[in-house]
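Asker: Modelling step: build the complete structure from the supplied sequences, incorporating the hints.
Listed here are the chains, written in short residue letters.
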Amino acid sequence: MSFLSLTALQAFLFALVTIGTVLALFFLKLHHRRVLVGSALLWQKVLHDRQANSLIEKLRRLLSLLLALTIALLIALSVGRPYFTASEAALQPVVIVMDTSRSMDASTASGQTRWEMAVEEARRILDAGHFAAGVMAADTAGRVQTTVMDDPNAVLEAIGRMRPFSGSGRFPELPSTNARTYFITDGVAPPNGVPADASVVSVFEAADNVGITAFEIQVDPTSTSGYTAFIQVANYSETPKEAAVVVAGVGGQRVVRGANLTPGGIWQEALDLAGFEGGGIQARVQAAGDRFATDDVAFSYLPVRGRLNVTLVTRELDGYLETLLRLTPEVELTITSPAALEESVSTDVYVFDGVASSTPPERPSLLFGVADVSWLPSARALDTEIEISSWNEEHPVMRFVPLYDLGIDAATVVDPAGLNVVAASGNTPLIMVNENPGGNRTVITTFALDDSDFAFHLGFPIFVENVLGWFSGETLAETSGLGEIEFPAGTVDISQLDGTPLDASPRAGGAVVELNEPDLLTATANGRRIRVAANMTDPESSDINGTPLADVESGSTPLPLAGNELWFYMLLAATLLIALEWWTYNRRITS
Amino acid sequence: MPLAEIAGFDEQFMRKLEYLALVSKRFSGQFKAERRSRKLGSGLEFADYRGYVAGDDFRYLDWKTYLRLGRLLLRLYEEEEDLPIYVFVDCSQSMAYGDPGKLEYAKSVAAALCYIGLANLDRVRVVAYADGIRSELAPQRGKSQIFRVFQFLSEITTGGETNGREAFKMFCTGSRRRGLAVVISDFFEPGGFEYGLNMLRYYRHDVFVLQVAAHEDVLPRVRGQVQLVDSETQQSQEMTVTPALLEAYRREMDRFSEEIRRHCVKYQLGYVRTVTDYPFEDLVLQVFRQGRFLK
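Chains as they are written, first to last, in the numbering used here: chain A, 1 to 591; chain B, 1001 to 1295.
Hints were generated in silico from the structure; no laboratory data involved.
Hints are not guaranteed to be accurate.
DSS-like, lysine-lysine: derived pairs with alpha carbons at most 30 Å apart [stated by the list, open to error]:
1) Lys1143/B to Lys1016/B
2) Lys1266/B to Lys1169/B
3) Lys1169/B to Lys45/A
4) Lys45/A to Lys1266/B
Chain B is nowhere near these chain A residues, computed Cβ spacing over 10 Å in every case [said to hold, decoys possible]:
5) Gln44
6) Asp49
7) Gln92
8) Val144
9) Asn260
10) Glu277
11) Ser358
12) Glu385
13) Gly418
14) Thr491
15) Gln496
16) Asp498
Virtual Cβ for every residue (Gly too), placed ideally from N, Cα, C.
Answerer: Given below as structure tokens:
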């Protein structure tokens, strides 16, 4: 039995003081009021008749004292909430698992967020139960997990450190199989591995949400600006919503659209970014009654357009490549032959069409075809059975460049040692990039433009635009979800759009930062600038009402209030004894 | 200011007495046969005949009967005499108990009975007693003497223990005519009430017992841990008054009253029990119905 965590001596002293107080009060209570009666004759006669019961009368007083002592002790002891630990239930550790998925940030009609309700539920569980075998708490983000502790306050303090997290969740490892597990969740994004015997405490409450489910800036050769912004907004509310969609650039440019959304409806549009200066772009959606803010904002990056001196080295003019470069607004084109090629400091980018310089150029270079020069991989064979099997859409040069129907007659088989293959046909590299630190960026296609229909392909101008942007360091931002965002090795100076630096944690040869709100991050890796647009553009995450717990009453799971609790029964017994004492002795009636 | 009011009896009280006096006339007629005097003498009302003997007064011979029957018969008349009424008021300390006090109530009843007695031209005597006779009003007759009775009653104060035996013994040993003895008391006598009443009975008085109890005597309000103090003896008794003890007390009170009533029935004494919150005029009417008070 446990009582207020007191030592035996302290408990004994506590009981002694209680008994002493009761004794003092009891004898104080025996004060007799003086009452004058006309004649005590009949009273004496009555008392005389009851003399036979005098022993019982004395016992009555003793019993009254014992009753008073019992009542006082019961009340005093019940304050300490004693309980028995002998039962099987009390010997089970209690595990409270907090769902820290992003949807827990949704606010409810009361103004509280689901997360705040979850913390209250956890507090209710901790307040209600006794944990002889200990209690622990963990989140589904895998970031906070206490040991099995005796002190519920320490567990509550650990829960206070938890926060809804944007990453993927997982159910924590439990300390033992016989633990009583309480999983407090809204059920929107249930993690894997929830035990079947876990008690699910629901904090779900339906909430309106209109959120941005897609926001991307794409190269668009058909656009006068060269870029379009694709934005998609979805309504996850149960009522129709009128939303205002605002896309704003750092230079003060602003596009506003209105969107009427039916329940479950989607609004989407590709916005021409003509007139936008390069830099960060923010999209924001505003709708009345929206209770989930994280997906109301999204960021992207529009590459800054600067003048680019491009030298095209070719034996004979290729109409498509030359025309394309000439039409590219930021390009200042110079055409030269291999024989006349001279390294010039005024050239920013070299484009080699089926040729190559004898020495590695001092500037970034785009080479169509592998020429027989020493600094390029040597040709092993000629592959005429080209079947494009893979390409890396995530690489900046390949973004939005579809190669499905690209026809290539022949490609040179080379050893891509040290180069990054971003498109291949089986083992034959088709497009390779050199992005090694310390070297100039180089993009090499192992096929000549004449040996393919690439120049007529829809993705060709995007490819060239991507390459030029990658060379200049002004590419579209990489995209990422919220949560943990990985950066390559050597990344330093990670900062948010407003310049606030972020602390990165080293992990697996790279660096990781944690971001819970949409933002545009800028970092420097090996002397090159990296931009990452971190948004919660995930329809599943925005669907904050998609839960199987929608019909479950909040907090309806029975609490671990145990039958082990003694205080309630002690107070009940004290109440009954008080009633018995009053009924039997009637001491407290004085009028 | 009227004398009655000075003595503590106000106009309203006087009006009640007048009313009772009127009612008593009707009761008087009703009970006349039962209250006929046994003495024969020179009254106006014919009672009987008897044969003439030497020495009888010739004036009472019925000559017409002699002419018809040839016998000398003497006409007998009832002798009219006044009824001595002795009103004993217990003024022991216990009579001060209650709200209103039992003595005040007893005074009101005594005043009413005296008024009616005086109005019927009876000889009324009031005696205040406790552990002996504390004061006594000389016999009064006639309605006009009621204010003396009032004065006497108003001067009675409580004190001492009740000892009816001693008080009635003292009263009866004097030369007293037999009459109606009305005893107004709570009868809380340590020595027992029987001795005093028997003393009156032995001296051939027609005894009427009026037991007065305060409301607090019947239904005490005392509860819990108390020290009860006897107002007469000042003896105290500590006790825990529980509902059960209260119930036992009430039973004892009923048994005590029943004991008095049985004693009265046994010896053909008039008996009425009252509580101080019972209207005294109703009580007086109840006394009338007993039939002893009025001729």
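Asker: Would you pick out the hints that fail for this structure and give their numbers low to high?
Answerer: 5, 6
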